[in-house]
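**Student:** Going down the list, the sequences are from chains A and B.
Going by numbering that gives the first Met the number 0, 216 is the number at position 217 of the first sequence; the sequence numbering is gapless.
Going by numbering that gives the first Met the number 0, 112 is the number at position 113 of the second sequence; the sequence numbering is gapless.
No lab work stands behind these hints: they were computed from the structure.
Remember, it's a predicted structure, so these values are computed and weren't measured experimentally.
Built from N, CA and C at the ideal position, the CB exists for glycine as well.
This list has only true hints and no planted wrong ones.
Straight-line C-alpha distance at most 20 Å; calculated EDC-like pairs for lysine to aspartate or glutamate:
| # | chain 1 | residue 1 | chain 2 | residue 2 |
| --- | --- | --- | --- | --- |
| 1 | B | LYS335 | B | GLU223 |
| 2 | A | LYS193 | B | ASP430 |
| 3 | A | LYS193 | B | ASP435 |
Reference excerpt, derived from the structure (chain A facing chain B, CB under 8 Å, subset only):
| # | residue |
| --- | --- |
| 4 | TRP185 |
| 5 | GLU195 |
| 6 | THR200 |
Each chain, written out:
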Amino acid sequence: MNNDMPRWASIAVVGVGVSVALLSVFAERPPARPVLPADYQAYTSRALREHFPNVPLVTQDKKTVRFYDDVIKDKILIIQFMFTNCEQFCLTVTPNLARVQKELQKRAGGAAVSMISITVDPTHDTPGVLKEYANKFGVRPGWQFLTGQKSDIDQIRRGLGVYDPDDKKIEHMNVLTIGRESTGQWLAIEALAKPEDIIQTVLSLTERSVRRTAAPAGSRLTNH
Amino acid sequence: MVNRRDLIKLGLYGGTAGMLHLTRLDSGVLAWALDEVKGNAPSEWKPLAAVKPFTQALPLPPVIQPVNPSQLPGVQIIPGATYYEVRIRQGTAQLLPGMPTVIWGYQGMYLGPTFEARIGETTVVRQHNDLLVNMIIHHHGGHTPGISDGAALLSQRVQPGSFKDYIYPNDDDICATHWYHDHDLDFTGHNIFMGLQGCFFLHDAVEDQLNLPGSPRDPAPQGEMPFDLPLVLQDRIFDFNNQLSYNPFGHDGCIGDHFLVNGAIQPSVRVANRKYRLRFLNGSNARFYQPSLSNGMPFHMIGSDGGLLAASTDAESFLIGPAERYEAIVDFSKLKVGSHVYLNNCMAQTDGRRPDGLSTQCTNAHPGPDGVGSLLRFDVAFSAPDPSTFTPGQTLRTDIPDFRSRKPDVTREWLFERSNGAWQINGRFYDPNRIDARVKLNTTEVWVLRNGGGGWWHPIHIHRNQFQVLKRNDQFPGPLEQGLKDVFVLEAGDTVEVITFYNGNAQVGNYVMHCHNVEHEDMRMMMRWTVS
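Work out the full structure, taking the sequences as your base and the hints as a guide.
**Tutor:** Dropping the structure here:
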């Protein structure tokens, strides 16, 4: 920078430089996110895609699916990690979730809730093994059991924050990741929560799909 | 100017960014781009390069003005009550240079307006939810009836397009620095991060008589900050588009890399060479701070969560966990006009488990992700008379309720423990439909709060009441924990015994106790209890 240059000029040069640099940076990046996120939920949903690697997985019906495109995108979901040889919690969790599925199909009012169980032991849990496991618990359509490459499944677990930093041996935390992809709303609760609690948690996300028009003042005093 | 080589580097840098840290690296790319432009050598990641520290003026949340209850159709009319109307809505704030940041706020402000009330003066707040998601508004610290407490219960939800009238009798024992914030079940972390917080100050006659700095008799000159000044400490993460970047899958606790006071990143504030009353509120999701002053001046500590201490006590620095409040008198009178004093954070923390420890690099003007460095600069800029009265070590009030000398009717033990990949209380996760304790009105209870280990720190908050600490790890508590408290920091292995008297016939119904690392709370490290 020329020291004789007046201060305003140097500011202008730096300013132009910054603009060029920013434009260049944007130009180098993949298609930009919405510039000013007027639609916060759509923006958040877009920003969270980094957490859903689009890796291939195989269903209990031997169908290959992509994790983001086919499993996550536009869905309201309950995601669980499990393995069929698990002799502790999984034995209780799966029937618990089966009750949740049955109730939700009655109460979700048309809003489809996808249930996803992903094995953390893909070497043993082939599609056939998962199919047999699913049949044993009487799961209904709308509940996918997924297997795949161990490294891909680990990547999914890390994206969803479902790994235990304290115990490397416990490969899955006994939590359910519950979310609505299109609004970017995600939460996690224990897999052994009471079915009613899980159902209410999921329903609170489906309710939010309704864009309410503001009620006239005084028409809904919620503490009465 | 950025050349092609640099662009390739930038492109590569963005392209290879790790999945979970992309937002942080994005900030780094921006900083790097700026460095390149200025002709500097490509530097290591400097998260705050985009914001020059101490160039923004410290904001002051405005005090909310009352409305006439006739403007609130259907509102309950209570003699002597003061009425307010708040709209919770999405807005924008200029938190970073360039693109504005989308925020959620009370009245659409990143930090909501401040409420002020006298002890015994009922406050009625109509909260309209103009967002598309449920809201629950908690008056943190208040002696509030269950119906207006704003605990994470389904029945407390204010649905989109709807409103709720919150009624606060403010019949607390003494004046205090309370606050209010969102408390929605499973989403508190996100909602607080987006800006849904504000201050709520209670005043009383004893406080008036003390004539502390910033009292109504001690107004600031036109255009200057009040001598009674709130300082809300927050850490946040931004993405490449200047937007708040909350990770709903980061269950250990959200630790930010940008540091805000009252909603501005590392601001500066003009002060007079006289005494100030500073009200510290840690509004961060999971970060602990250890504030100190760069010139070694002490904080004359005068208050904790639930109000003034019995006597002032000096501290060079103090630990303040998420949701805690401390009040201090800071005396700038010995400083020359034109001098600067920095408010530094000496506590390093890089994940939600616990702080990494105290650092000696507190004067760093560019705090890294560990948060160690200068949060705020005081610019001693003018002289002003100081009619306030305060002497370090002085008695502040003699009417603080003495719970410690009461004989407990019931003692309950609560174990806070990592289990099953998350955090439980007495071996259970929160279920909003389950009641874990039933407290009888007009009884005294001791609650023993025990950290079950694993090295995690938990700032435990109990609703409805203020408490006194009987013992911390079998010792009489230190001076800052001898006043009234509603948040108790359980460091690794700590046991804290707290006592209170459950008075107040209006204060019945449902309440909760939970970890105020709000990501732990959202993972259901919470329990429901009732008073009847």
